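Colleague: Each chain is listed here by its residues.
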Amino acid sequence: MERVAIIGASMTQFGQREGEWVMDLLAEAGIDCLEDSGVDAADVEHLYVSNMASGEFEGQTGVPNALAHDLDAMPAYTQRVDQTSSSGGAGIFAAWQSVASGASDMTLLVGGEKMTHKTTGEATDVIASLTHPVEYKTGVTLPSFAGLTARHYLERFDAPRDSLAKVAVKNHKNGVDNPHAQFRKEIDEETALESPIVADPLRLYDFCPITDGSAALMLCPEDVAQEYTDNYVVISGIDGATDTHVVHEREDPTVMGGVVESGKGAYEMSGYGPDDIDVAELHDMFTILEFLQMEGLGFAEQGEAWKLVEEGYTERDTGELPINTSGGLKSKGHPLGASGVAQGVEIYEQLVGEAGPRQVDADVGLCCNVGGFGNCVITTIMEAAQ
Amino acid sequence: MTMEATRYEDGSISYPGHPRGPGGSEPVETIDLSEYSAEVITWTTSMATPPGVREPNTLVIVEFDVEGESVRAIGQATTDEIETGDEVEPVYVDELREPGAGIREPESQDWDGYRFEPV
Numbered sequence: 001m002e003r004v005a006i007i008g009a010s011m012t013q014f015g016q017r018e019g020e021w022v023m024d025l026l027a028e029a030g031i032d033c034l035e036d037s038g039v040d041a042a043d044v045e046h047l048y049v050s051n052m053a054s055g056e057f058e059g060q061t062g063v064p065n066a067l068a069h070d071l072d073a074m075p076a077y078t079q080r081v082d083q084t085s086s087s088g089g090a091g092i093f094a095a096w097q098s099v100a101s102g103a104s105d106m107t108l109l110v111g112g113e114k115m116t117h118k119t120t121g122e123a124t125d126v127i128a129s130l131t132h133p134v135e136y137k138t139g140v141t142l143p144s145f146a147g148l149t150a151r152h153y154l155e156r157f158d159a160p161r162d163s164l165a166k167v168a169v170k171n172h173k174n175g176v177d178n179p180h181a182q183f184r185k186e187i188d189e190e191t192a193l194e195s196p197i198v199a200d201p202l203r204l205y206d207f208c209p210i211t212d213g214s215a216a217l218m219l220c221p222e223d224v225a226q227e228y229t230d231n232y233v234v235i236s237g238i239d240g241a242t243d244t245h246v247v248h249e250r251e252d253p254t255v256m257g258g259v260v261e262s263g264k265g266a267y268e269m270s271g272y273g274p275d276d277i278d279v280a281e282l283h284d285m286f287t288i289l290e291f292l293q294m295e296g297l298g299f300a301e302q303g304e305a306w307k308l309v310e311e312g313y314t315e316r317d318t319g320e321l322p323i324n325t326s327g328g329l330k331s332k333g334h335p336l337g338a339s340g341v342a343q344g345v346e347i348y349e350q351l352v353g354e355a356g357p358r359q360v361d362a363d364v365g366l367c368c369n370v371g372g373f374g375n376c377v378i379t380t381i382m383e384a385a386q
Numbered sequence: 387m388t389m390e391a392t393r394y395e396d397g398s399i400s401y402p403g404h405p406r407g408p409g410g411s412e413p414v415e416t417i418d419l420s421e422y423s424a425e426v427i428t429w430t431t432s433m434a435t436p437p438g439v440r441e442p443n444t445l446v447i448v449e450f451d452v453e454g455e456s457v458r459a460i461g462q463a464t465t466d467e468i469e470t471g472d473e474v475e476p477v478y479v480d481e482l483r484e485p486g487a488g489i490r491e492p493e494s495q496d497w498d499g500y501r502f503e504p505v
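Just so you know, the sequences run in chain order A and B. Under our numbering, the letters of the first sequence match residues 1 to 386, in that order. Under our numbering, the letters of the second sequence match residues 387 to 505, in that order.
Rather than coming from a laboratory, the hints here were simulated on the basis of the structure. Check before you lean on any hint, since a few could be wrong.
Unchecked claim - A few chain B positions that, by computed beta-carbon distances, are all more than 12 Å from chain A:
no.	residue
1	390
2	395
3	396
4	422
5	423
6	451
7	457
8	481
9	484
10	487
11	504
12	505
Said to hold, decoys possible - A short, non-exhaustive set of chain B residues, derived as facing chain A with CB atoms under 7 Å:
no.	residue
13	402
14	426
15	430
16	431
17	432
18	434
19	436
20	445
21	458
22	461
23	462
24	478
25	488
All values reported here derive from a predicted model rather than from experimental measurement. Note that CB positions come from ideal geometry on N, CA and C, so glycine has one too.
Could you build the full structure based on these sequences and the hints that come with them?
Modeller: Given below as structure tokens:
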């Protein structure tokens with residue numbers, strides 16, 4: 001099996017991109033990634049597009065082929081990867097498979113979504129359409145699942161409500177230094193705790209925004225990477241897993257089985273364990289998810305992640321394990337199909353030393369991309385080549 | 387109308403039912419949960435609801451005890467005066483949300499069901 005390297009990365013400005021649609025965003029990130037990696041479009045053999053719902057959001061389907069044309073990357077093989085909010089992570093897995101298997105010597109992955117032209121209710125409904133009919137007819141949304149789970153977590157583990165606000169404060173602070181983030185504004189705990197209730201006990205600042213944006217990565221075999229650069233990243237472990245489609249059927253509402261299982265697989269493939277991870281991007285679509293992933297990935301015992309956050313363990317500049325140095329989905333934004341790719345972009349930039357003011361000392365990084373409410377999860381571990 | 391759960395060969399019960407249960411066990415019978423009361427495991431009140439959904443929308447996850455076998459369900463509550471640990475019972479409603487107002491094809495599923503009311 002080929003060792004798979006990442007030799008280039010890009011992301012567009014995340015936020016409200018008025019007048020620009022999914023193809024514009026995908027093309028922008030794709031062109032930037034080609035330039036960043038120094039790869040000619042004609043040399044791209046596989047082109048993967050991570051996207052959840054361009055058909056539902058704007059009536060545009062067939063985006064991979066359209067992107068191949070826009071980038072002049074024909075006759076590259078193209079494929080759309082939809083795994084709801086984890087489409088980006090699933091795209092990294094698909095792109096990794098294409099290179100590791102020997103099927104492609106140069107694979108471009110572009111993730112993107114256009115969402116902000118819809119109302120919050122409409123966008124929330126598109127996302128909630130992933131639910132089972134018995135869930136959907138109750139009007140449940142992904143934020144509602146977060147509220148249900150957060151209440152259970154706080155009550156069961158006697159965790160203070162403030163600990164969730166600390167996640168929001170940390171990630172907003174990190175986002176200030178990310179020029180592509182949707183929100184580059186610090187908040188304080190009081191602001192988070194007094195913001196409007198969205199899904200009790202969670203409030204506005206416990207949730208990521210609705211976002212337009214795109215991100216891209218260039219993958220190839222390690223021996224090919226060395227023809228382009230000596231400063232690249234290797235994917236040392238990657239795995240994906242699922243949990244129940246119906247969320248209430250999980251034996252323990254505070255355990256995301258997909259996180260646990262994909263984490264196990266990625267650790268096993270890489271030979272690394274939780275203690276070896278220097279920096280992590282977790283899927284903080286809701287603040288409570290940062291706790292659940294920290295615990296599922298072995299960074300904290302069950303019911304204890306909130307204590308580490310309170311102790312500053314996950315702070316960027318002073319913590320032992322900086323989490324969401326990019327600002328996370330919370331601050332950077334969450335264009336569904338792009339988010340998992342953008343997590344990979346952040347870890348890539350950290351490992352090659354291109355994270356600017358966000359830079360931490362890291363040789364090994366992890367990203368965890370969650371689809372649905374933990375329904376499907378991809379965990380990726382990367383390491384610096386040097 | 388029933389609130390139909392499924393029992394599998396291994397004795398476990400799920401709501402909703404699936405073509406296969408834990409360990410690949412096959413369904414053996416259905417159980418009407420509307421005849422049972424349940425305990426609230428957790429709850430939330432959603433203030434930002436999708437098209438066709440009441441606002442605010444208080445939701446609960448409840449746990450039934452069916453002859454010693456537990457089975458959970460999600461549903462709307464009849465009131466926002468609800469707490470974890472409350473005992474609730476299912477109350478039939480002929481339309482939980484407005485069919486066709488959201489993205490899902492109205493004919494693809496049913497829209498009636500049960501809300502949970504504190505006993």
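Colleague: Each hint should be assessed against the structure and marked as holding or not.
Modeller: For each hint, the structure was consulted:
The Cβ of residue 390 of chain B does not lie farther than 12 Å from every Cβ of chain A; its closest approach is about 10 Å, which violates its non-interface assignment. Distance check on residue 395 of chain B: its Cβ is at least 17 Å (rounded) from any Cβ of chain A, clearing the 12 Å threshold; non-interface status holds. The Cβ of residue 396 of chain B lies farther than 12 Å from every Cβ of chain A, with a closest approach of about 14 Å, so its non-interface assignment holds. Every C-beta of chain A lies more than 12 Å from that of residue 422 of chain B, the closest at about 16 Å, which supports listing it as non-interface.
At roughly 17 Å, the least C-beta separation between residue 423 of chain B and chain A is larger than 12 Å, which holds for a residue marked as non-interface. The Cβ of residue 451 of chain B sits about 15 Å from the closest Cβ of chain A, beyond the 12 Å cut-off, so the non-interface label holds. With a least CB separation of 9 Å from chain A, residue 457 of chain B falls inside the 12 Å interface cut-off, contrary to its annotation. With 12 Å as the threshold on Cβ separation, the claim that residue 481 of chain B sits away from chain A is violated: the shortest Cβ distance comes to roughly 9 Å.
A cut-off of 12 Å between C-beta atoms contradicts the statement that residue 484 of chain B is not in contact with chain A; the least separation is 10 Å. At the 12 Å boundary, the C-beta of residue 487 of chain B falls inside the reach of chain A, the nearest C-beta of that chain being 9 Å off. Look at residue 504 of chain B: its CB is around 17 Å from the nearest CB on chain A, clear of 12 Å, so calling it non-interface holds up. Residue 505 of chain B, annotated as away from the interface, keeps every beta carbon of chain A farther than 12 Å; the closest lies near 20 Å.
The restraint placing residue 402 of chain B at the interface with chain A holds, with a minimum CB-CB distance near 5 Å, inside the 7 Å limit. Proximity of residue 426 of chain B to chain A is violated relative to the hint, the smallest CB-CB distance being about 10 Å (cut-off 7 Å). Nearest Cβ of chain A to the Cβ of residue 430 of chain B: about 3 Å, under the 7 Å cut. The hint holds. For residue 431 of chain B, the shortest C-beta to C-beta distance to chain A is roughly 5 Å, which falls under 7 Å, so the interface hint holds.
For the restraint placing residue 432 of chain B at the interface with chain A, the shortest Cβ-Cβ distance is roughly 5 Å, inside the 7 Å limit, so the hint holds. Contact between residue 434 of chain B and chain A, as hinted, is supported at the beta carbon level, the nearest pair being about 6 Å apart and thus within 7 Å. Contact between residue 436 of chain B and chain A, as hinted, is supported at the beta carbon level, the nearest pair being about 4 Å apart and thus within 7 Å. Against a cut-off of 7 Å between C-beta atoms, the interface hint on residue 445 of chain B holds, since the closest Cβ of chain A lies about 6 Å away.
Using the Cβ-Cβ criterion of 7 Å, the hint placing residue 458 of chain B at the interface with chain A is satisfied: the shortest such distance is roughly 5 Å. Annotation: interface hint on residue 461 of chain B holds; nearest CB of chain A at approximately 6 Å, less than 7 Å. With a cut of 7 Å, the hint placing residue 462 of chain B at the interface with chain A holds, because the nearest CB-to-CB distance is about 5 Å. Among the interface hints, the one on residue 478 of chain B is violated; its C-beta lies about 13 Å from the nearest C-beta in chain A, farther than the 7 Å criterion.
Because the beta carbon of residue 488 of chain B sits about 5 Å from the nearest beta carbon in chain A, less than 7 Å, this interface hint is met.
In this structure, the hints that do not hold are numbers 1, 7, 8, 9, 10, 14 and 24, in rising order.
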